[in-house]
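Taken in sequence, the protein lines are chains A and B.
Going left to right, the first sequence walks through residues -10 to 395 as the working numbering numbers them.
Going left to right, the second sequence walks through residues 10 to 244 as the working numbering numbers them.
Just to be clear, a hint being listed does not mean it is correct.
SDA-like mimics (lysine to any residue), calculated; alpha carbons at most 25 Å apart, straight line [claimed, not checked]:
| no. | chain 1 | residue 1 | chain 2 | residue 2 |
| --- | --- | --- | --- | --- |
| 1 | A | 382 | B | 124 |
| 2 | A | 382 | B | 23 |
| 3 | A | 382 | B | 69 |
| 4 | A | 382 | B | 237 |
| 5 | A | 182 | A | 221 |
| 6 | B | 130 | A | -8 |
| 7 | B | 130 | A | 137 |
| 8 | B | 130 | A | 1 |
| 9 | A | 382 | B | 26 |
| 10 | A | 382 | B | 86 |
Hints were generated in silico from the structure; no laboratory data involved.
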Amino acid sequence: MISLAATLRLALQALVRNRSRSLLTMLGVVIGVAAVIVTVAIGTGAKTSVANQINGLGSNLVIVIPGSVQTSGARTGNGGASTLTVQDGLAIAKLPGVSAVSPSVNVRAQLVTGGQNWQTTVTGVAPTYTTVRSWDVSSGRFFSQPETDEAAKVAVLGQTVVHQLFPDGSDPIGRTVLVRGVPFTVIGLLSAKGQSGAGQDQDDTALIPYTSALERLTGGTTISTLMVSAVDGDHIESVQSQITGLLEQRHGIVGGKADDFQVRNLQDIAQAASATASILGLLLAAVAAVSLLVGGIGIMNIMLVSVTERTREIGLRVALGARSAAILRQFLIEAVVLSTGGGAIGVVFGIAGAAAIAVFAHWPSSVSVSAVLLALAFSAAVGVFFGYWPARKAARLDPISALRFE
Amino acid sequence: MTPVVEVRGLRKVYAIEGGEDVVALRGVDLTIDPGEFVAVMGPSGSGKSTFMHIVGLLDRPTAGTYRFAGHEVSSLDADALADLRSRALGFVFQAYNLLPRTTAMENVELPMIYAGVPADKRRRAALEALDAVGLGRYAHHQPNQLSGGQQQRVAIARSIVNQPQLILADEPTGALDTASSEDVMALFGRLNVERGMTVMVVTHEADVAAHARRMVMFRDGNIVSDEPVREKALV
Chain A
-10 MISLAATLRL
0 ALQALVRNRS
10 RSLLTMLGVV
20 IGVAAVIVTV
30 AIGTGAKTSV
40 ANQINGLGSN
50 LVIVIPGSVQ
60 TSGARTGNGG
70 ASTLTVQDGL
80 AIAKLPGVSA
90 VSPSVNVRAQ
100 LVTGGQNWQT
110 TVTGVAPTYT
120 TVRSWDVSSG
130 RFFSQPETDE
140 AAKVAVLGQT
150 VVHQLFPDGS
160 DPIGRTVLVR
170 GVPFTVIGLL
180 SAKGQSGAGQ
190 DQDDTALIPY
200 TSALERLTGG
210 TTISTLMVSA
220 VDGDHIESVQ
230 SQITGLLEQR
240 HGIVGGKADD
250 FQVRNLQDIA
260 QAASATASIL
270 GLLLAAVAAV
280 SLLVGGIGIM
290 NIMLVSVTER
300 TREIGLRVAL
310 GARSAAILRQ
320 FLIEAVVLST
330 GGGAIGVVFG
340 IAGAAAIAVF
350 AHWPSSVSVS
360 AVLLALAFSA
370 AVGVFFGYWP
380 ARKAARLDPI
390 SALRFE
Chain B
10 MTPVVEVRGL
20 RKVYAIEGGE
30 DVVALRGVDL
40 TIDPGEFVAV
50 MGPSGSGKST
60 FMHIVGLLDR
70 PTAGTYRFAG
80 HEVSSLDADA
90 LADLRSRALG
100 FVFQAYNLLP
110 RTTAMENVEL
120 PMIYAGVPAD
130 KRRRAALEAL
140 DAVGLGRYAH
150 HQPNQLSGGQ
160 QQRVAIARSI
170 VNQPQLILAD
180 EPTGALDTAS
190 SEDVMALFGR
200 LNVERGMTVM
210 VVTHEADVAA
220 HARRMVMFRD
230 GNIVSDEPVR
240 EKALV
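Construct the entire structure; sequences and hints are all you get.
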């Protein structure tokens, strides 16, 4: 009885005898597997890219706003209550899963400098704001914790405000801007952020330390919003429920009483966007799978031709004492070698292609090991599946007529 | 002495769909002893090819018994027949049937691969068989680098490499010129005389059959004559 290793050698010899045809047959699987790997990489890249953009909005962001209050029958809307304090923010910052907290105190105010003036939203925030909003300065610097502690009169301006107050293009840094008559020194400019999802111009703003806003502009202790950043997307749910529990406790809300605050996140947007990216990836993968299938049919086609062309050889092998199982195995191994060989070459091309696309599209392209293994396993399966019929045809040939075949 | 081939009442009937059955062999009795050199002759359609296929274990008789080296083989299954072919039979065909783009050496090794012979033993036996047919120097030539006569001698080396109990040659000179035919038949004669190999050659040429020592004539599915070849008389 012939060993598997010997059959493998016979199969390889047969493939090498028809070198160019073997390579051409592999080509279908090469393209199929390369396509699978490239499209999976594109899909992953698109998803990562979308995720990065959403993170730019602050997808890990949890926003706490004051709730509604009822005064002699009339209810204010959300945000109407003045219940959220800086101390709430400090307590939230200590929760597990929270990476940064910034309070935000919004004041509509007239900004004046030299001959120009402009009304904008002045927002009092903490230095952590740059982390929470993933928003950095394009020049100058953001204010520091000591400046926040001493309620320093410093401001960081959004690009729209810069254009309105300094239309001549002069450098605003170091200049003084009056906010409701209080002089603030401009120490930095925010990078341009564009419109928000709701169409607001996010650059039409000026940031000052929240302490300065409370002491010098509003004169109160309550804040408009708490922006909380979770360490990652997976922690958003737990952070939300912890904040709710903590604030209910701090605000003495028990039993069925309505909360005087609301906790929200931007996950819905993130989920919708990543779902879109997933569908796109799935679509590409389906197209790639079809090309792999076509490659498999190509193998079957060539193997059938090969069985017909090698009829006399098969007859000879049977006459020399090959069992039909040995013939079946040899042809099956030939098909599997063609498909996995094509798969291996396809992996190399696929990784190169994905890298090239990553360079041109500026995408974080990642070829996952699982995608490579899956493509290889699938190409081997293609060989077995599409090689079986031709192999069985070869094994069932009648040796006498096979030997006479012209 | 146990006969190599012993057939009794061998019949072979081919069922033709929508037509009359074709009777290829009508009860053939024949015994071939070890060391014999038999030529099987007959016009086409006489049943000699069918007879060779059954003797070569490539086909089964419709009726009758076939004892190969003392063992009843008409009831063996396909795998057992394949194993027996790889161990005990050597085939030579009209068209040589060598694998293309494969060296003479590798071609000769092929039957041993199916018989499960280890590689180092295969190489030695293949070289020895090529020496026996006078082609030791051509071990690494491929078929397209050899003449027809040389290719047929490689095929003969392939048929003897497993030390078979019977060599079956089906029109071995059919594709060769006269000189090469003489060479090939003389080679069979030498293997028979010097190595005591049992050879059965199927041919329709009388001068080819004259190299054998016994001639069996087929006609219409029956053996019509079976007699020793008179030395030199027909040459």
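A quick look at each hint next to the structure:
| no. | hint | in the structure |
| --- | --- | --- |
| 1 | A:382 with B:124 | 23 Å, holds |
| 2 | A:382 with B:23 | 23 Å, holds |
| 3 | A:382 with B:69 | 21 Å, holds |
| 4 | A:382 with B:237 | 44 Å, violated |
| 5 | A:182 with A:221 | 22 Å, holds |
| 6 | B:130 with A:-8 | 15 Å, holds |
| 7 | B:130 with A:137 | 90 Å, violated |
| 8 | B:130 with A:1 | 21 Å, holds |
| 9 | A:382 with B:26 | 22 Å, holds |
| 10 | A:382 with B:86 | 19 Å, holds |
The structure shown violates the earlier hints numbered 4, 7.
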